Amino acid sequence: MNLSLILVNKMHKLDFFTQKRLSFTFFVLILIGLTYATVIYTEYNVAKGFTSIPKAIRWATANFYPDAASLKKLPTILLKLRDTILMSVASATIASFCAFFVAILGAQTTRINVWFSVIARGIATLFRNIDVSAWALILLFSFGQSSFTGYFALFFVTFGFMVRVLIETIDEVSTDSVEALRATGASYFAIIAQSVIPSCLPQLVSWVLFMIETNIRSATLVGILTGTGIGYSFDIYYKSLNYHAASLVIVVIVLSVFAIEAVSNRIRRAVL
Amino acid sequence: MPLLKIEQLSKRYGTDKYALDTIDFTVDTGEFVAIIGPSGAGKSTLLRCINHMIPMTNGDVWFNDTSTKALSAHKLRTHRTQIGMIFQHYNLVNRLSVIENVLHGRLGYKSTVAGVMGWYSDAEKAQAVEILQNLGLSEQMYKRCDQLSGGQKQRVGIARALIQNPKLLLCDEPIASLDPSAAKIIMDTLKDINQRLGITIIVNLHQVDVAMRYAQRIIGINSGKIICDAPPHTLNPSIIHEVYGSEAGELILDFGEQNAQA
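Taken in order, these protein sequences are the chains called R and E. Just so you know, the first sequence maps onto residues 1 to 272 in the working numbering. Just so you know, the second sequence maps onto residues 1001 to 1262 in the working numbering.
For the record, the hints were derived by calculation from the structure and aren't laboratory data. This one's a predicted model, so the numbers in the text were calculated from it and none came from an experiment. Mixed in with the good hints, there may be bad ones.
Some, not all, of what chain R presents toward chain E, calculated at C-beta under 8 Å [to be verified]:
hint, residue
1, E179
2, A183
3, P198
4, A259
5, A262
6, S264
7, N265
Pairwise CB distance ranges (calculated) [to be verified]:
hint, chain 1, residue 1, chain 2, residue 2, range
8, R, L126, E, L1071, 36 to 46 Å
9, E, I1239, R, F16, 43 to 53 Å
10, R, C98, E, R1213, 53 to 63 Å
11, R, S23, E, D1060, 54 to 64 Å
12, E, H1074, R, S133, 17 to 27 Å
13, R, T38, E, H1206, 33 to 43 Å
14, E, D1016, R, D131, 49 to 59 Å
15, E, A1114, R, E261, 39 to 49 Å
C-beta: ideal position from N, C-alpha, C; glycine also.
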């Protein structure tokens, strides 16, 4: 009887691995099928797509670089860059501030009741899952081509994202100490101030910095749609065929993103 | 007059089976009670029903001759200030200093504004310093809690409970995450608090031998019911096996030595 048990076990193990291999093969086949179907349907020429890459590089090296004339535009570009950076910082910080309060209502540790939590998570999901460019297009109807449109588009996306991550942060880092402070008889707001905020602070700062970086990148795209900031500069130069100035805009954006990332890494280390 | 009277206490989570099933017992001022039982027996639930961290389903908890069944939010805070609690995972705010964590024990006595701002009086600060000195933590006072060892963290947890000037200490598995020598320091500290300050102590324990050595009285529970409630020297292996619902010989018990020491 023992021997038959061992045999059955062995069969099961064999079965387990064959099944795993089969399901993987199946998955790969479906993926290949899907890719092939879409290529056929969109009439995409794979060979032509890849061979045009060197051509694109050749064009870029011939035309898409900042020259001496475009450097004269640098002050205007930098001014626009300042607008974009300020907008990103303002939207990231203020949206995070608002998100923190909603996250407190949404987190299991600190929620007042289940319904607040459901509503808070629902709001977060809604705001987060509409892309920043979609928000910009929607808001264009209300605010037209102004900084407000870009600001609110970034604000909403940051808000949705921050609510989500802060809910998780609060539940992850402060559940234990919140329990301890509740047991001492501390009031709700004292618990938030003395336990939740100090526990979450490093993550909070880290995520705000992350959102500032993300927003600067998004602001460029949003600027093209809303006609503000550095995105707009790029759009104008590009459409007026001033490729040298347009490439200068790209260089400036890349450098500023690097700079911001370096600064925020320093701040992160200091806070932790 | 008993300090604590548990009366027909039941707790049910949702529609599961009862986590606590009509529990009855009383604890007098100055007692050192250990609660033992297998994991999931309801030990933690029982402790948390006493200070209403978990709402009870039926029955009542009398504390200081007052029913705590239907307390207003304000009265509930007052009730909790009189009961200190110590946790298995210490439950400190790790990024704050030792002394800040200790002072958290005073928050129950404060208005919302004073609590939010963290306004502590000089007397409170002096008391925190004194408690930390007594617990041998004066050198760690301004260190962040994440730099401490497990045993030191648990002593900070004890200090936070003591500064409440509690009548009762609830200890939920206080030594379950500690090595044997740190565990001994913590249990000796609790014994000392019980004897010197006359504070009543109820402690959940996994280690039967520790319960036998330190407690004046052992309550054994299984599946939400009290199986035994007696002084340690009257317990024998068959009762312990009944508490853990196991066959004789399946537990790591060292009764001979315990009885020899007692």
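Hint check:
| no. | hint | result |
| --- | --- | --- |
| 1 | E179 | 6 Å, holds |
| 2 | A183 | 4 Å, holds |
| 3 | P198 | 5 Å, holds |
| 4 | A259 | 29 Å, violated |
| 5 | A262 | 25 Å, violated |
| 6 | S264 | 20 Å, violated |
| 7 | N265 | 20 Å, violated |
| 8 | L126/R / L1071/E: 36 to 46 Å | 39 Å, holds |
| 9 | I1239/E / F16/R: 43 to 53 Å | 46 Å, holds |
| 10 | C98/R / R1213/E: 53 to 63 Å | 55 Å, holds |
| 11 | S23/R / D1060/E: 54 to 64 Å | 56 Å, holds |
| 12 | H1074/E / S133/R: 17 to 27 Å | 51 Å, violated |
| 13 | T38/R / H1206/E: 33 to 43 Å | 59 Å, violated |
| 14 | D1016/E / D131/R: 49 to 59 Å | 43 Å, violated |
| 15 | A1114/E / E261/R: 39 to 49 Å | 41 Å, holds |
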